[in-house]
Amino acid sequence: MTALPLVGFVALSSALFAVGLFGILTRRNFILVLIAIEIAMNAAILNFVYFGAFSNGTAGLTGQAVAVVLIGFAATEVAVGLAIVLALNRVKGTINVAQANELKL
Amino acid sequence: MDLSSFAGPFLPEILLLAGTLLIFLLDVLGIRRIEVTGAVAAGASALALLFVVADLGFAPLAFLANLSAGQVDVAIAPGATPLYAFTSLGLVFQGIFLTASFLVALASMSRPSNERGAPIFFGLLLLATLGMLLVTIASDLIFLLLSVEIVSISTYLLVAYTRKDVRSLEAAMKFYIIGALSTTLSFFGASLLYGAYGTTNLFAIRAVAGSVGYPVLVLLGYGFLIAGLAFKATLVPFHAWAVDVYDGAPTDVTAFLTGGSKKVGLFAIFLVFLGPVLFVAPGAGGSPFSGGTVNIGPVLQVTLAILAVLTMTVGNVLALLQKEMKRMLAYSSISQAGYMLIGIVIGTSPALTGATLQMFANVFMKTGVFLVVAGVTALGVGPLIDDWKGLGTRRPLLGVAFGLMLLSLAGVPLTLGFVSKFVLFSSAVEAQGYFVWLAVAGLLNSALSVFYYARVLKVMFFDRPEPDALPTGAVAGGSEPSLLAAGGLGYARATAIALIAVAVVAFGVYPQPVLGAISNAAQHFIHVGP
Amino acid sequence: MIPLLSVIVATLAAGTVLTFLAGSRARWVALATTIVFLAEVAALFAAFPGWPGYNSALVPGFADGESYSWISIAWMHVNYTVGVDGISLVLILLTAVLQLATVVYSWEEQKRPAAYFGLVLLTCFGCFGVFIALDVLLFFLFWEAVLIPMFFLIGYWGGPQRRYAALKFFVYTHVASIVMLVGMLALVFYSGAASFDFSAIYASARGLSSVLQSFMFLALFFGFGVKFPIVPFHTWLPDAHVEAPTGGSVLLAGLLLKLGAYGLIRWAVELLPSGLHTMQPVLYVVAFVSIIWGSVLSLSQRDMKRLVAYSSINHMGIVLLAIALDSSLGLLAAVLLMFAHGIVSALLFMASGSVHHTFGTRDIPAVGGITPTTPTLSTLIMVGSLASLGLPALISFPAEFTALLATWNTLAYWVFVPLIILVVTAGFYLWMMQRMLFGPARGIPSTAHDVPWYEGAAMAILVAFTVLFGILPGLLVNVIMNSPIHGFPGT
Amino acid sequence: MRRLEWGGWVSVAFSGAAMVVGVLIGVGEMVNPGTYTDVRYTWLHLAPAPGPFPNGFSLVVGTLVDPISALMLIVVTVVGFLVMLYSIGYMHQDRGLPRYYAELSLFLTAMSGLVLADNLLEFFVFWELVGVCSYFLIGFYYEKPSAASAAKEAFIVTRVGDIMFLLGIFLYFYNFALAGPAGSGGWAANGFLFVNGNQPYLLGHGLGGNSTLLTVAGIMILGGAAGKSAQFPLHVWLPDAMEGPTTVSALIHAATMVAAGVYLLAVASLFLGFTSTDQLAIVGIGGFTAFFAATMAVVHPDIKRVIAYSTISQLGYMVMAVGAGFAMVGLFHLFTHAFFKALLFLAAGSVIHAVGTQDLFKMGGLRKTMRLTAIAFAVGGLALAGIPPFAGFWSKDDILSAVYSQLGSHPAYWPFFLLAFAAVFLTAYYIFRAWFLAFSGDHPRDPSLGHAHEGPWTMQVPLVLLSALACGAGLLIFVPGFQSLLLSGAGATGIPPVYGTTDLLISAASVALGVSGIALAWVLWGNGRVYALPETSAAQPVRRLLLKRYYFKIGYDWIGAKGVYTIARAADFFDRFVIDGTVHGFERAFALVSNRLRRIQSGVVSDYAAYVVAGLIALFVILLIVAPYVVSRLGGG
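If you read the protein sequences in the order shown, they are chains A, B, C and D. According to the numbering used here, the residues represented by the first sequence are 68 to 172, in order. According to the numbering used here, the residues represented by the second sequence are 261 to 790, in order. According to the numbering used here, the residues represented by the third sequence are 15 to 505, in order. According to the numbering used here, the residues represented by the fourth sequence are 781 to 1417, in order.
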């Protein structure tokens, strides 16, 4: 393998990350924000996979292992987020994050 | 692996886990009385605290010690990549976190007994504390970040635990979104560092920090990591969530957030950045784009110094303008983070001592003030500072206790807050050179901070209350509670507040025991920490 | 050997606490504390010149030295170290005298007397601490301990603009003490002193390079200078004085300003000789400007307290000048002047307080010809003014004479600046007397009566000291010169 | 009222006792010099140390009785006692008498201290104390705004002199600290005492290359003396000082305190020494003042102020004499002047006491009802005019002769000598103008003043005694012992003794001038009528100039009230609006910025996320560009 593919992969994950960030910043729907966060998270996971794959010896295994752990962690995080969405929707009747702005200044 | 040898070092963590499980078990069994669950949580924290103090070498508790000398502050062999390591500084922080959790649990026993969700509250409290304890021993970036996430996820839920209060839920939502975003940043940063260094082990990174060929990648990675951890530590400009969350969360949770979980972020920054900060490449550094070596240490120092000054200044300035008690205290809490960051910026053992002492002090002061606010709110006092008019004269003991905490926050001599700032800023001067300006900035900020604390004191002690503005107590309407009665506050909360007030003064007058321990720990940490 | 200084500290601490708790009997507790304090100060003097532990190894250069470890970690050794020498002893005497006078003067304070007397005692306690502390942290502790009660004295018992004045006082002095603290810490750490003790720094600070010394000196000078106060950082003083209650003004002018000068002598001049040497021109300029500015501004004041406040700036400018001369004669003069100004300005502030009580205003053009109505008050104002303008046989004269002689010794014809200002000083005091005391009666309410006994007694105490040391300045001079740190000749 | 008079008698008794002691000491010193040994208290002592005072430094308080202080002591105690006695009658209608007698007694104390001082610093201490007593007593009628103002003016103007005196002291103390005979340790070690010797101490021992410094010091001493003795240009306060009771004017502002300046010059001349530049300056100031003050007396309508100007003028003579090197001669004039000027004031006081006004143009014809006063005033006037054998003749004539004797070696003295000489004529004219205006004619010009009568015996006795002294004091010069007393002063050797060898031409000329002055006064005013000078007269501007006192007072007031006060107002403005304004400006800017800053907390979580991302980007910029740049500039941490 040459160095080129790694750069390409990193570029891919960076783009993914940027998409996630863009979503977090622009979406007002809590569910969409959650999805955007997941996209960004996946960019990080991808990174671990590439870097692991491109490195030698046991160090490479770390990346793969971390990726698996992170997938599990991301699921947990989303679950908690969904719980909050549900509770918020029940009390406030909306999941638009911009409308929850009682606390300010 | 022999179970006992495994259980020994992790006894505090196991205690907390057991406590959590016990609370949830009781919940399942239908025992949800706040006194019971609270007692379990407070007891578990207190017991764990005793073990940690014993491990730190506090002689009268030596019989409780379960870490042998060979397990703490051990120099890591070159090439070894342990997942965790016991350092005495970590133990100090364990003590700090357990103190916060104990105080919050104790005080929360006085929450309204008809409130739902007590088991969730106390269970999550212990769980979050468990995460904190794990952070203190982490020596691997992923282990560290996951431990931080245990804290984060627990606290998201803690904020929302009432499930009914719209403000709490809004706070939880904000906390969650910004928290999740920051988590993403942290892990992305960690992945870049992994790419650059080929390892996620902090000892390994310390060994090679700065001497890798991808300075841009390393710096980008550290940038992501700083941003991610700065969320937890509430550094400006990653702080905006904190004010709303501290304001919206149930106040006892706020006490825990500011007293405990914020320090997690700071200690994580210590762990991640101490190695790189201490690294100075031989020869002059240059731009990371020029291909030469980069003095990653100084670059990180400058960056963190900017963050520190920005944080303390913005926090203070905004606190000055606040009319609401909780938000004012929230901003003041943000500014405190700036002081503590100075410790890692300088990266010497005196500076670590100062920053750690500052955090130790902060646990009492910040947890204390929010516990008081929670109690006073329960008495029916409104959210504005002006609503506190005459409180000091109506309830002198509470007033004096709160006053002591505020004076300590303001850094008035003979309080713990003064000693901690004195040591911290001394350490900046001790480091000499440009660090002296950090001391100046910090001191000027602390001068600024005096104003908003003094304003509260003025309102409490000098302003006359409007008639009937201050209910005399939620329990016994009409008659003035006697001086010593905990009336309305609840005995558990009153005990916690009294403990804090005493600690603030006692350690302020004679800080030597704590300071000595922290100083030792910091010295070791510089050499054997990750 | 009795640890006399710690006994006094304990006395004052206990007295302060008891006063706060004493309710309506607070004044008696305060008075009793003060009398015990005076007796203990007398005991300090009694041993002179064969002071116990003088020049001992424990606290070299000081008498009655005590030292106990307080904080001791690898890089920071803080001790409770106290001791006195001639300079501090004279100022301790001043503290005790002014405490007595203030307590007596405020005898009928009606507004929360327990808190009032408690804060007065706390202020004096802090000042006493500053004068005996020989450790950076201890010094800073007492230094700040003075600030807080004074803030409350102004902010709660003060005049209509008290909030503004208290805040201003606090901002200025607090910022200054921060700069001072940084300077002191730099002194400790850059010099590599073995501990935060004065003697440890004294042993090591001389090794610092002249550039470093200059920077540190400048920081300390700013920190202490705001307390002096030096122009242009002086505007807190008139406001604070005008709004402060009389007792507050007395302590402010009599003691707090001295803290700055004492600090400068003890922690900057003694420790950073070459810093002083380099910064001498700066000090001269500041001193001259303060002297001129304080005096000229006094001339344009309508409020009696403001006038006395600005004259304090002028007098403290002379103190600064005397310190800056870096000669033993100058230092002697500075300490004498500090004592003299402490007594005299206290007297004048008490007098203006009494004017305010009696006539309901301190506006000089509004009240005139008060002498027939209030002969005692009028006489006291005259004595105070004449003492302040440097009349011989009153306490300021020996001090000013020594200061000016020292100035001539070092600066030659520059002495014309303070000398000419002496005329202006005479001018504004005499003009004030002309307008207030003399001429046809004007703006005197029918209820006006001469000063009550306690106010008169308080001022009489000060007058007694004014005359005593005016005629026998040698009593003070001998004590002051018993300060080995300075290498005064003959010690 | 009884109580107050009793208090007055206490003062009389004590001052009487003081007079007895003072005269005994004075005469004792005259008969047997060096009888009284010094008593000293060390006031401040610095041990020997490197620096300006290698042999140490002492400031002492002590007494020194020598011929000149003996002479002054007699003057002070005698005039003091007589004035005190006179006051019993003169002041009995006034309020505040305890204050009056206390202050007068304090003045006598301080004045005696000044006379007996044995070093310059002690001298200065008492010098200031007599000044403050003068301040109190000028302002005795403090309800009168003019009195309060005059008191202040006196204090401030003399203060200007005082600071020069003080600087002079610094010069002597510092620059001549080591002066003295070998082995004596120097002047500083010996407490800067006035040391008797064959010649002035510093001229003898300390001069070295420092004659410039000695000159400057002498000028400073002259400045001090000019303030106290109301010499040009610090003369303005003395006429205004007449706001005080006439007794005070007699004692303080004629006989004793104002003479302290002359005494200071004499002391400095005898013990310290003046350079020839100093001498010229002193002669110049004295001679010019003698004439200058006399011109103003010519037109003034106020009886006390006429005498006050005369005092200034006469003091000018004394200053001139001291300057010319004849300290003893100056002191002799001081001695006689004290008596006849006190007499004039007390006589004037008697008139004022009787008629209740000081305006000469309202008086007239008083010789009929106040015969004793008229005679006393006339005796004083003759003494002042220098008509033999009255006291003033001997002393003034000595001065003129003495200065004249120096003209050969000091031609620069000429103009001042001529001015002083011309002043003799003016003196005689103005004092007899006053006499004629007050006493001649048939009746007072203001009819309401018709009931004048002599005062009680307490007022008359001093008049009689002083008249006797004014007649006879000058004759003391023929007493051998007295002559030798004057000649025994330090530094007297080397100065030609002028007593008895008076130049007859000078004497004759001055007597002639005096007589013609009296004659002119008689011609113009002898019939008791008052002529109004026509408005169109060419002399009118001159008269106005003189009445306005050459605009000095107005000018000084302008400097004080307009000049300095305007500066003070401007400074006050600067203080409030520029210095404090800067602080408040910061405060406002701070509030503005922080209010803007506050708005970033919008409450919308997406904004917070945006801050995080913006912060992240900022971090990258800092980490990759700013921080490396900073680090490379600072060279590490």
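Simulated from the structure, these hints should not be mistaken for laboratory data. Errors might be hidden in some of the hints.
As the list claims (entries may be wrong) - Straight-line C-alpha distance at most 27 Å; calculated DSS-like pairs for lysine-lysine:
| # | chain 1 | residue 1 | chain 2 | residue 2 |
| --- | --- | --- | --- | --- |
| 1 | C | 125 | B | 718 |
| 2 | D | 1342 | D | 1328 |
| 3 | B | 583 | B | 718 |
| 4 | B | 424 | A | 171 |
| 5 | A | 159 | B | 718 |
What the hints assert, rightly or not - Label-pair distances were calculated between CB atoms; the ranges are:
| # | chain 1 | residue 1 | chain 2 | residue 2 | range |
| --- | --- | --- | --- | --- | --- |
| 6 | C | 122 | B | 376 | 56 to 66 Å |
| 7 | B | 769 | D | 1361 | 18 to 28 Å |
| 8 | D | 1363 | B | 374 | 49 to 59 Å |
| 9 | B | 583 | C | 486 | 56 to 66 Å |
Remember, predicted model here, so these are calculated numbers, not experimental data. Virtual Cβ for every residue (Gly too), placed ideally from N, Cα, C.
_Run the distance test for residue 424 of chain B versus residue 171 of chain A: straight-line Cα separation, threshold 27 Å._
Measuring from Cα to Cα gives roughly 20 Å; hence the hint holds.
*asked:* Need the status of pair residue 125 of chain C, residue 718 of chain B: alpha-carbon distance at most 27 Å?
replied: Answer holds: residue 125 of chain C to residue 718 of chain B is near 17 Å, not above 27 Å.
*Consistency of beta-carbon spacing, residue 376 of chain B to residue 122 of chain C, with hint 56 to 66 Å*: 60 Å, holds
*Please test the hint of 56 to 66 Å on the beta carbon pair from residue 583 of chain B and residue 486 of chain C.*
The hinted range 56 to 66 Å holds for residue 583 of chain B and residue 486 of chain C, with Cβ atoms some 60 Å apart.
*Evaluate the given range 49 to 59 Å for the C-beta pair formed by residue 1363 of chain D and residue 374 of chain B.*
54 Å Cβ-Cβ, so the 49 to 59 Å window holds.
*Regarding the pair residue 159 of chain A and residue 718 of chain B, is the alpha-carbon distance no greater than 27 Å?*
Outside the cut-off at roughly 38 Å; violated.
*asked:* Can you confirm whether the C-alpha distance between residue 1342 of chain D and residue 1328 of chain D stays at or below 27 Å?
replied: At roughly 19 Å apart (the allowed maximum being 27 Å), residue 1328 of chain D and residue 1342 of chain D satisfy the hint.
*Are the Cα positions of residue 583 of chain B and residue 718 of chain B separated by 27 Å at most?*
14 Å, holds
*With 18 to 28 Å as the target window, see if residue 769 of chain B and residue 1361 of chain D comply at their CB atoms.*
Hint violated: Cβ distance 43 Å, outside 18 to 28 Å.
Taken one by one, the earlier hints fail for this structure at numbers 5, 7, listed in ascending order.
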